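Undergrad: Residue numbers (numbering that gives the first Met the number 0), protein chains in the order written: chain A, 0 to 301; chain B, 0 to 221.
Careful, some of the hints might be misleading.
As the list claims (entries may be wrong) - So the derived list for chain A, only partly shown, Cβ under 7 Å to chain B, looks like this:
id	residue
1	Thr213
2	Gly215
3	Tyr216
What the hints assert, rightly or not - Below, simulated DSSO-like cross-link-like pairs (lysine-lysine); rule was C-alpha separation at most 27 Å, straight line:
id	chain 1	residue 1	chain 2	residue 2
4	B	Lys88	B	Lys69
5	A	Lys69	A	Lys83
6	A	Lys17	B	Lys123
7	A	Lys17	B	Lys131
It should be emphasised that the hints constitute simulated quantities derived from the structure, not laboratory data. As the structure is a computational prediction, the values presented were derived from the model and not from experiment. Beta carbons are placed, not taken as given, at the ideal position from N, Cα and C, and that holds for glycine.
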Amino acid sequence: MRSWLRHHRQALAAALGKLAAQRASSAVSALVIGVALALPAGGYTLLESVRTLTGRMSLDPQLTVFLRDKAVRGDVDALAARIKTDPRVAVSRFVPREQALKELASVEGLTDVVGALESNPLPDAFVLRARDRDAQAIDALAADLRRDPSVERVQADTAWARRLAAVTRLARVAVLLLAGLLGFGLVAVTFNTIRLQILTQREEIEVSKLIGATDGYIRRPFFYLGLLQGAGGGLLALAIVWGALELLNPQIAALAASYGTNFRVAFPPGGGAIVVVALPAALGWLGAYMSVSRYLREIQPK
Amino acid sequence: MISFSGVSKRYPGGQEALRGVSFAVQSGEMVFLTGPSGAGKSTLLKLIPAIERPSAGSVVVNGQNVGALKPAAIPYLRRHLGIVFQDQKLLYDRSVFDNVVLPLSFSGVPPREAARRVRAALDKVGLLGREKANPVQLSGGEQQRVAIARAVVNRPAVLVADEPTANLDQESALRIVEIFVAFHQVGVTVLIATHDQAVAARFGQRVLHLSDGRLGSTEKGT
Numbered sequence: 000m001r002s003w004l005r006h007h008r009q010a011l012a013a014a015l016g017k018l019a020a021q022r023a024s025s026a027v028s029a030l031v032i033g034v035a036l037a038l039p040a041g042g043y044t045l046l047e048s049v050r051t052l053t054g055r056m057s058l059d060p061q062l063t064v065f066l067r068d069k070a071v072r073g074d075v076d077a078l079a080a081r082i083k084t085d086p087r088v089a090v091s092r093f094v095p096r097e098q099a100l101k102e103l104a105s106v107e108g109l110t111d112v113v114g115a116l117e118s119n120p121l122p123d124a125f126v127l128r129a130r131d132r133d134a135q136a137i138d139a140l141a142a143d144l145r146r147d148p149s150v151e152r153v154q155a156d157t158a159w160a161r162r163l164a165a166v167t168r169l170a171r172v173a174v175l176l177l178a179g180l181l182g183f184g185l186v187a188v189t190f191n192t193i194r195l196q197i198l199t200q201r202e203e204i205e206v207s208k209l210i211g212a213t214d215g216y217i218r219r220p221f222f223y224l225g226l227l228q229g230a231g232g233g234l235l236a237l238a239i240v241w242g243a244l245e246l247l248n249p250q251i252a253a254l255a256a257s258y259g260t261n262f263r264v265a266f267p268p269g270g271g272a273i274v275v276v277a278l279p280a281a282l283g284w285l286g287a288y289m290s291v292s293r294y295l296r297e298i299q300p301k
Numbered sequence: 000m001i002s003f004s005g006v007s008k009r010y011p012g013g014q015e016a017l018r019g020v021s022f023a024v025q026s027g028e029m030v031f032l033t034g035p036s037g038a039g040k041s042t043l044l045k046l047i048p049a050i051e052r053p054s055a056g057s058v059v060v061n062g063q064n065v066g067a068l069k070p071a072a073i074p075y076l077r078r079h080l081g082i083v084f085q086d087q088k089l090l091y092d093r094s095v096f097d098n099v100v101l102p103l104s105f106s107g108v109p110p111r112e113a114a115r116r117v118r119a120a121l122d123k124v125g126l127l128g129r130e131k132a133n134p135v136q137l138s139g140g141e142q143q144r145v146a147i148a149r150a151v152v153n154r155p156a157v158l159v160a161d162e163p164t165a166n167l168d169q170e171s172a173l174r175i176v177e178i179f180v181a182f183h184q185v186g187v188t189v190l191i192a193t194h195d196q197a198v199a200a201r202f203g204q205r206v207l208h209l210s211d212g213r214l215g216s217t218e219k220g221t
């Protein structure tokens, strides 16, 4: 166990030593990976922010239930009781037609119009808020209410929420596709840089194998090299996204303010940032693994 | 300790390097393997640490059939052998100390113990003061001694050397062979290949003569 730890410490030290000895080329490799990864990382950040935004916008999933003119009193009472006890309804409020008219009259510009009416054209209504903000749940609730004999019409505008959700899903798939493609590229880039690294150390590897080094011992420093390069690229990607947000957020805030909201794109939350570093590290490890294994197979005596 | 029975080695391309070679080296024995260049000496030595595999016959080292060893087991075989290569295979990007410590770094010897063993090995070959030097700064004979130090730092029971005296003047060559004799005297089994009959004859050890891939007379030198 102690010698296992020592081997890993040695391998890590060797990898760090190599990175330090080739500062310029290591930095360029990490930069290439970082710039490439900044695209999906930035897309992910944007999507996460949009998702919290849509969460906030659908905060009032409001349904308006208009009653029939000739609804029977008893039926209305039964409906009111049903709405009150329905677990899907968070808050409900009965708006009698007189009150609706009064509210309408208080709206500026409509006072005269309302005054000119001979009779009240408005129906009684329930205004209620669903507990679940999901568009599908709201639609199901609306359909249930529509079946009640005393209900004329139920108004629940969920189309915009559906569209937004569809667009977000599309963008999410696009970001995943981009991430997958660039992840593949990352493995290829690491494969190649590790191969070059192996070639510069061919002699050391050959001699070590001849005098009793295991393949595992030879592989280990290259694993760390791939891992560190991937992680370095991931950190750079985070830095790029952070820098871009610092530049963009004041502009976004100004734009959002003109719409009367206070939207800003938030830096990836803790878990997301860890993924942006850990995933490239794992892919770098994979590229290194493939590269070293291939080389060791090549030099295996037949 | 080392035994060959009916060993043949044919390289891809049809060249036959060894034909039906059989011999045994007892534990603690010192044996010279002589023969002109191209006789198959290097091939024979390469079969012992499984650098090459025999086409026919069996090579047994310390009770293990080396030819049938799984690739994963080969490193552990090599750690128990001291091998001095024909071209030395030193690494010129690091010091003498770092060259000699290499086998210890992958067999998990703690650094302090490793440093002690490296100095002991360098002391035995007479290079104790040169551990910080780069091998390029050393003479041919000294480089050969670094290679020997690296081969013995793991304290192997068997020492195998391929042409350790090639390209050395008479005096340096004798010095090298004397080092091997010293290891033989403390019980190490030694097998040395050399094309130099005179060197082989001088130390009164058993000589195996290889010619055209076949083992000739096995005589005791005078």
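Undergrad: Which hint numbers does the structure go against, in order from smallest to largest?
TA: The structure breaks hints 2 and 6; every other hint is satisfied.
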